[in-house]
Structure formats: C-alpha cells, structure tokens
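*Asks:* Residue numbers for the sequence shown follow full-length UniProt numbering, so the first one is 1 and each next one is one higher.
Heads up, some of the hints might be wrong.
Said to hold, decoys possible - Computed cross-link-like contacts, BS3-like style, restricted to lysine-lysine with a CA-CA straight-line distance of at most 25 angstroms:
#: 1; residue 1: K134; residue 2: K432
#: 2; residue 1: K156; residue 2: K375
#: 3; residue 1: K153; residue 2: K618
#: 4; residue 1: K207; residue 2: K56
#: 5; residue 1: K343; residue 2: K406
#: 6; residue 1: K367; residue 2: K381
#: 7; residue 1: K367; residue 2: K207
#: 8; residue 1: K475; residue 2: K507
#: 9; residue 1: K372; residue 2: K469
#: 10; residue 1: K343; residue 2: K375
#: 11; residue 1: K432; residue 2: K367
As the list claims (entries may be wrong) - Estimated spans, in silico, between C-beta atoms of each pair:
#: 12; residue 1: E266; residue 2: A420; range: 20 to 26 angstroms
#: 13; residue 1: K367; residue 2: D405; range: 28 to 34 angstroms
#: 14; residue 1: K85; residue 2: L579; range: 16 to 22 angstroms
#: 15; residue 1: K149; residue 2: K475; range: 55 to 61 angstroms
#: 16; residue 1: D101; residue 2: E616; range: 21 to 27 angstroms
#: 17; residue 1: A276; residue 2: R380; range: 18 to 24 angstroms
#: 18; residue 1: E482; residue 2: T560; range: 15 to 21 angstroms
#: 19; residue 1: E550; residue 2: D525; range: 32 to 38 angstroms
In case anyone wonders, no lab produced these hints; they're calculated from the structure. Just so it is clear, the structure is predicted and the values come from calculations on it, not from any experiment. Idealized CB from N, CA, C, for every residue including glycine.
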Amino acid sequence: MASADSLPAAVESLSLQTTSETSKFPNCYPSLNPVDVYREHIAEQLAPVAGVDAEKIYTRLQWTNTLDKGDLVLPVPSLQIKGKKPNDLCQELAEKFPESDLVLPPVAFGPHLQFFFRTDRLTKTVIGQILKSKEAFGSNGNQGLVDPKDPSKGRKKIIVEFSSPNIAKPFHAGHLRSTIIGGFLANLYTVVGWDVTKMNYLGDWGKQYGLLANGYKMFGDEQKLLKDPINHLFDVYVKINAIVSEQDGPIKELKEQVKAKKEKGEDAAELEAELAKLVDASEDEKARRYFKSMEDGDADALALWRRFRDLSIQKYKQTYARLNIDFDVYSGESQIKQESMSKANETLQSSGVSESSEGAVIVDFVKHGAKKLGKAIIVRKDGTPLYLTRDIGAILEREEAYHFDKMIYVVAAQQDLHLAQLFKITELMGYKDLASRCQHINFGMVRGMSTRKGTVKFLDDILRDVADKMHEVMKKNPEKYEQIENPEETADTLGITSVMVQDMSGKRINGYDFNLEAMTSFEGDTGPYLQYAHARLCSIVRKAELNVEELPSANLDLLTETHATDLVRLLSQWPDVVLNTLKTLEPTTILTYLFRMTHILSSGYDTLRIVGSEPEVKKARLALYESARQVLHNGMRILGLTPVRRM
Numbered sequence: 001m002a003s004a005d006s007l008p009a010a011v012e013s014l015s016l017q018t019t020s021e022t023s024k025f026p027n028c029y030p031s032l033n034p035v036d037v038y039r040e041h042i043a044e045q046l047a048p049v050a051g052v053d054a055e056k057i058y059t060r061l062q063w064t065n066t067l068d069k070g071d072l073v074l075p076v077p078s079l080q081i082k083g084k085k086p087n088d089l090c091q092e093l094a095e096k097f098p099e100s101d102l103v104l105p106p107v108a109f110g111p112h113l114q115f116f117f118r119t120d121r122l123t124k125t126v127i128g129q130i131l132k133s134k135e136a137f138g139s140n141g142n143q144g145l146v147d148p149k150d151p152s153k154g155r156k157k158i159i160v161e162f163s164s165p166n167i168a169k170p171f172h173a174g175h176l177r178s179t180i181i182g183g184f185l186a187n188l189y190t191v192v193g194w195d196v197t198k199m200n201y202l203g204d205w206g207k208q209y210g211l212l213a214n215g216y217k218m219f220g221d222e223q224k225l226l227k228d229p230i231n232h233l234f235d236v237y238v239k240i241n242a243i244v245s246e247q248d249g250p251i252k253e254l255k256e257q258v259k260a261k262k263e264k265g266e267d268a269a270e271l272e273a274e275l276a277k278l279v280d281a282s283e284d285e286k287a288r289r290y291f292k293s294m295e296d297g298d299a300d301a302l303a304l305w306r307r308f309r310d311l312s313i314q315k316y317k318q319t320y321a322r323l324n325i326d327f328d329v330y331s332g333e334s335q336i337k338q339e340s341m342s343k344a345n346e347t348l349q350s351s352g353v354s355e356s357s358e359g360a361v362i363v364d365f366v367k368h369g370a371k372k373l374g375k376a377i378i379v380r381k382d383g384t385p386l387y388l389t390r391d392i393g394a395i396l397e398r399e400e401a402y403h404f405d406k407m408i409y410v411v412a413a414q415q416d417l418h419l420a421q422l423f424k425i426t427e428l429m430g431y432k433d434l435a436s437r438c439q440h441i442n443f444g445m446v447r448g449m450s451t452r453k454g455t456v457k458f459l460d461d462i463l464r465d466v467a468d469k470m471h472e473v474m475k476k477n478p479e480k481y482e483q484i485e486n487p488e489e490t491a492d493t494l495g496i497t498s499v500m501v502q503d504m505s506g507k508r509i510n511g512y513d514f515n516l517e518a519m520t521s522f523e524g525d526t527g528p529y530l531q532y533a534h535a536r537l538c539s540i541v542r543k544a545e546l547n548v549e550e551l552p553s554a555n556l557d558l559l560t561e562t563h564a565t566d567l568v569r570l571l572s573q574w575p576d577v578v579l580n581t582l583k584t585l586e587p588t589t590i591l592t593y594l595f596r597m598t599h600i601l602s603s604g605y606d607t608l609r610i611v612g613s614e615p616e617v618k619k620a621r622l623a624l625y626e627s628a629r630q631v632l633h634n635g636m637r638i639l640g641l642t643p644v645r646r647m
C-alpha cells in the first residue's frame with residue numbers, strides 16, 4: 001500500500017525528551033546526546049595534559065563535516081596556550097593524550113587535534129539510544145527551559161509569525177517560502193523544548209476589502225464562494241479592479257486638464273465639478289466609503305467581511321494541512337486594536353521620536369543615529385495609520401498577551417527595511433528589551449513560478465501541478481506503479497516534498513528558480529530521492545519479517561564493516577545537527593546532513609546485505625537500518641515533510 005503518515009502523526013512525532021541529569025559542563029546531556037559522552041571524556045583527559053580548564057576544552061570541541069577529519073576536532077589555538085607554536089603544541093598534546101577505551105590516539109593535523117571514536121562502544125551507545133528514544137532521538141527539551149537546573153520555572157516562549165497571505169489575493173511564492181521556512185522553525189523550536197505559538201498574520205484589512213465587498217455585490221456567486229472562496233474572491237477582485245482601471249483613465253485625464261488650466265491662470269471650476277462627480281461615482285471612492293463604514297463598526301459591512309475572512313481561513317487550513325502545518329492563532333491587521341496604535345503614536349510623539357511633516361507624521365531615523373533606515377511615514381495626511389503603525393501596535397499587544405522570550409518574523413528580504421524600522425522604533429519608544437527579543441528571518445525570492453494553466457500563483461494550483469508532474473514520473477516505471485495502491489495520494493505527498501526540498505536546498509537568503517523537472521527527479525539530492533531512501537529502509541525492515549521490538553537484543557559487535565561504522569558515526573551526530581540548526585536557523589543544515597546519510601546508505605547496501613546473511617548478522621544490520629530510518633524520519637519531520645513508507 002502506498003501510504004504516508006497521517007497529519008496527526010506528524011504533529012505527535014515531534015516527540016520531546018528531557019533529562020534531570022547534571023554535568024559540570026554546560027549543555028551536556030549524555031543520556032540525550034551520545035557525543036556528549038565523548039566530549040566529557042576528551043575534556044577531562046586532555047585538561048591535565050594541556051594545563052587548561054576542562055570546561056574550556058569541552059566548549060571548543062567541534063563536530064566535523066566529513067568523517068575523514070575525525071568525529072570531533074579541537075582547534076588548539078582556541079585554547080589560548082602561550083609560549084608554543086600551535087602546530088608544535090598540537091603534536092605535543094597528541095603524543096601526551098592518555099590511552100583511552102573511548103577514543104583512538106588523537107591525530108595532529110596542523111593546528112587541529114582530530115579525535116576518532118572507538119566504534120565498538122559507539123555503535124552500542126548510538127543504536128541503543130535510537131532504538132530506545134525512537135521519534136524523540138535528537139530532541140532535547142532541556143534547551144527550551146528557562147532554567148535547565150530548575151524545570152519548575154517552565155519553558156521559554158516563542159512566537160513564529162509566518163505565511164501571512166492576503167485574503168482574496170494569490171498565495172504567491174513569497175508566502176509559500178514563508179510557510180515552508182516558518183513551519184520548519186516552529187518544529188525546530190518544538191523539539192528543543194520551547195513553548196511555540198504559530199501565528200498567521202493575515203492581510204485582512206484595508207480599502208481593498210471595500211472594493212471586494214462592492215465587487216461581490218456585482219459579480220459574486222454564493223455557490224462559487226462556498227465551493228472555493230479564495231479563487232472566487234480573487235476572480236471578483238480582478239473584475240472590480242478592471243473597472244477601477246477603466247475609471248482611472250478619464251479621472252487622470254481630467255486632473256491633468258484642471259492642473260493645466262490652473263497653471264495658465266484660467267478658471268477650472270467647471271472641470272473640477274465634473275472631476276468631483278467622476279471621483280464620487282468611482283468604484284475606488286465607493287470602496288473608500290465602504291471601508292470607512294467598516295472602521296466605524298457598521299454591522300452589515302463587518303458581517304460580510306467576517307464571512308469572507310472565515311471562509312478563506314477554512315480553505316487555508318485545508319491547504320496548510322497538506323504541508324503538515326497548523327496555526328495556533330489566525331491574527332491579522334484587523335485584529336490590532338485602535339487603542340494600541342493610538343498609544344504607540346502618543347508615545348512616539350511625547351518622546352520626540354516622531355514629528356509632523358507636510359501634514360503627515362514621520363520618524364526621521366537619521367536624527368536618531370540610524371542613517372541607513374531613512375524616514376518612515378507612520379500616519380498619512382488624512383490621519384489613517386500605515387502598516388508600520390499597525391505592526392508597532394501588534395508588537396505591544398503580543399508582548400502583553402504572550403510575555404514571549406523571542407518572536408520571529410518569517411518575511412521576504414524585500415521587507416528588510418520595514419522590519420529594521422519596526423524594531424528600531426520599538427527600541428526608540430523605550431522598549432529596548434522587547435526589540436532585542438524580535439528577529440527577522442528573511443529569504444530570497446522564487447523566480448519563474450507560474451502554473452501550467454496560467455500565471456495565477458495560488459498554492460493549491462502549484463501543488464496540483466507538481467503532484468500531476470510527479471504522477472507522470474511515477475507512471476514511467478509500470479512495474480512499481482502497479483504495486484502502489486493509492487498512487488494519487490503518494491504523488492501528492494511526493495509533489496509537496498519536491499517543492500519543499502527544492503525550497504530548503506540552499507541558504508534562505510538565496511533566491512532560486514522554480515524548476516518542475518529538476519525538483520521531481522529521482523536523480524540527485526531531491527525530495528523524491530529523500531522519500532525513496534526512507535521507503536527503501538522501511539521495505540528492508542518490513543521484508544526481513546523480524547519484529548522491530550527484538551532489535552535492541554542484536555549483537556552489535558558484528559557490525560564491523562566500514563560502511564556500517566561510518567553510518568553509526570554519522571547517526572551519532574544527529575543531536576548535534578539539531579543544536580547547530582538552532583544556531584543557523586537554516587533548513588539546509590538538516591537537509592544537507594540527511595542527504596549525507598542517504599549517500600552512505602546507498603553505497604553500503606551491497607556490502608551490508610540482509611538476504612542470505614547469518615541470522616545474528618541479519619539482526620544486527622536490521623538494527624542499524626532501523627536506526628538510520630528513524631533518524632531520517634525524525635529529520636524529515638522537523639523539515640515538515642511526511643515520510644512515505646511505500647512507493
């Protein structure tokens with residue numbers, strides 16, 4: 001059967017493990033991270049030899065990107081031992097390091113000391129921990145505690161604001177990237193023990209909703225609205241905007257005529273009266289009046305707006321579920337209270353941060369020592385607030401409601417200036433600590449993203465296209481295709497994986513070309529290849545007809561082949577990879593590691609055969625393969641992917 005794990009399982013499998021063990025070293029949890037056992041040991045053995053505090057050594061030990069450089073490496077210059085050249089000192093420390101049951105004699109490589117673990121002990125420790133912890137392996141709830149020494153103080157709180165589409169407008173590529181990256185960050189902070197609030201800050205307020213409401217009266221269809229609210233509201237929005245564009249021409253022309261007459265000193269009263277009539281009858285002006293009625297609390301106007309919003313959110317929830325995402329809060333521009341914005345404006349004025357300029361209210365950042373931020377309008381000439389004012393109000397409201405330790409905004413790099421201005425204004429208002437707890441996670445743009453049937457970039461259209469393409473690719477192998485019971489479901493999961501893996505393959509700030517052919521290929525480091533690696537491991541364990549619960553009793557001394565020990569060494573790094581990802585906040589940190597693992601796996605299948613092996617060897621190898629499958633599964637889950645078991 002072609003199956004993907006269900007959505008509830010996706011949420012549940014972000015399991016968490018904590019420990020009450022104590023260590024004299026910071027962030028050291030040997031029962032959760034097997035490499036910490038070796039860090040402790042190396043630091044304690046090397047300290048008397050080097051004449052350096054053991055904690056200093058512990059904190060400077062680094063894991064390696066390639067196994068040929070060791071399992072841990074120590075940059076000797078970082079110990080700041082004076083009197084000897086780094087290379088000479090490194091050689092001396094290598095020679096004096098005591099004999100050990102856990103690590104081989106260290107290797108001096110330039111100024112670096114390389115440590116290779118003894119794999120017999122490592123294999124038992126790593127596979128034992130993985131088979132015991134399962135979905136929780138790699139997680140470390142202690143990282144999210146306010147005080148790791150006193151769990152009763154609770155967990156640190158984080159808000160991740162992401163996705164944030166505009167209702168009745170296309171869910172474009174920028175929203176897709178924000179959704180993928182934000183979902184990953186929420187998962188990451190969850191597995192390290194933070195209390196995570198996933199927030200969707202919808203574009204759900206403004207004059208465009210007056211335009212949409214009036215457009216719906218002209219072009220709306222109740223059945224279409226109920227069936228597909230987002231697409232139908234977008235169609236209505238396009239039609240009413242076409243009328244606005246038609247009306248704009250004559251209005252613009254009259255404005256130019258009035259201006260020309262006035263410049264000549266001629267009477268323009270007649271033209272101005274004609275212009276006023278045109279403007280008053282225009283859809284743009286009607287939209288402004290309608291939105292004013294919304295702001296004034298008109299019950300009917302707000303009821304229709306609320307209906308559009310609620311139906312759109314229902315539809316979004318279905319789409320987000322396909323991406324393994326569920327939001328805790330659907331906020332939006334409409335939810336920010338007027339008093340919050342008024343309070344912000346009063347504080348800005350009373351503290352001398354804002355000033356009047358040609359009828360508007362601005363903040364001149366140059367005067368406050370931030371030249372690069374230029375000037376920002378916070379209140380228009382007509383007294384209406386801008387996005388910046390709403391965002392300031394939102395920060396203050398969230399601080400009051402959540403008392404968060406950190407808040408992340410997952411927004412495109414085009415908004416770098418806006419977010420920098422927002423954080424600086426928050427600081428200038430006297431909330432320096434609050435501003436320091438806010439972070440902008442930015443990203444580059446996707447190029448060439450359009451659907452097969454046109455250029456309207458709704459997320460559902462994009463996912464449908466990729467699923468169709470994936471289905472075509474699957475059909476090219478008739479023999480395997482016939483074995484799949486639910487090819488449509490599998491194609492959908494593989495399609496979503498294709499999109500997400502392509503998005504996460506490079507650093508966030510790098511834009512990329514949306515390439516349907518490349519992302520759906522089974523060749524190279526792609527989503528389908530990653531899923532294939534997981535499904536193959538599932539197949540190996542399934543076909544062996546051995547109960548997974550029996551695997552912890554396997555004789556792991558039989559795993560002596562280099563392919564086996566290299567895989568164990570890589571698996572041991574997983575908890576460190578998670579913690580390192582917490583520093584980089586880059587999904588590619590995890591993805592690169594997972595692909596390294598799939599490469600080691602694929603190169604070792606011929607050597608580490610199951611079929612035809614002695615029963616005990618078979619059991620040991622299955623324990624290794626099940627451990628690899630578990631780590632691959634756990635990594636894919638953090639990325640927001642749904643691992644498939646058959647394909």
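*Asks:* A separate judgement is required for each hint: does it hold in the structure or not?
*Replies:* Now the hints, each set against the structure:
With a C-alpha separation of about 42 angstroms, the suggested pairing of K134 with K432 is violated against the 25 angstroms cut-off. Distance check on the hinted pair: K156 and K375 sit about 35 angstroms apart at the alpha-carbon level, beyond 25 angstroms; violated. For the proposed pair K153 and K618, the alpha carbon gap of about 47 angstroms is over 25 angstroms, so the pair is violated. This hinted pair does not check out: K207 and K56 have alpha carbons roughly 59 angstroms apart, beyond 25 angstroms.
A threshold of 25 angstroms between alpha carbons decides the hint, and for K343 with K406 the separation of about 23 angstroms falls inside it, so the pair holds. Between K367 and K381 the alpha-carbon distance is near 22 angstroms, which keeps this suggested pair within the 25 angstroms criterion. With a CA separation close to 33 angstroms, the supplied pair K367 and K207 exceeds the 25 angstroms bound. Proximity of K475 to K507 is assessed by CA-CA distance (about 33 angstroms); at most 25 angstroms being required, the pair is judged violated.
Between K372 and K469, the direct Cα distance comes to roughly 45 angstroms. Violation of the 25 angstroms bound is thereby established for this hinted pair. Restraint check: the Cα-Cα separation between K343 and K375 comes to about 21 angstroms, which is no more than 25 angstroms; the hinted pair holds. Distance hint between K432 and K367 is fulfilled; the C-alpha atoms sit about 18 angstroms from each other, no more than 25 angstroms. With their beta carbons about 48 angstroms apart, E266 and A420 fall outside the hinted range of 20 to 26 angstroms.
Restraint check, K367 to D405: a C-beta distance of roughly 32 angstroms satisfies the suggested window 28 to 34 angstroms. About 33 angstroms separates the C-beta atoms of K85 and L579, a value inconsistent with the hinted range of 16 to 22 angstroms. Against the hinted window of 55 to 61 angstroms, the Cβ-Cβ separation of K149 and K475 comes to about 58 angstroms, which satisfies the hint. With their beta carbons about 24 angstroms apart, D101 and E616 fall inside the hinted range of 21 to 27 angstroms.
Our hint of 18 to 24 angstroms for A276 and R380 holds, since their Cβ atoms are close to 21 angstroms apart. Between E482 and T560 the Cβ separation comes to about 40 angstroms, which falls outside the hinted range of 15 to 21 angstroms. Range check, E550 to D525: about 34 angstroms between beta-carbon atoms, so the 32 to 38 angstroms window is met.
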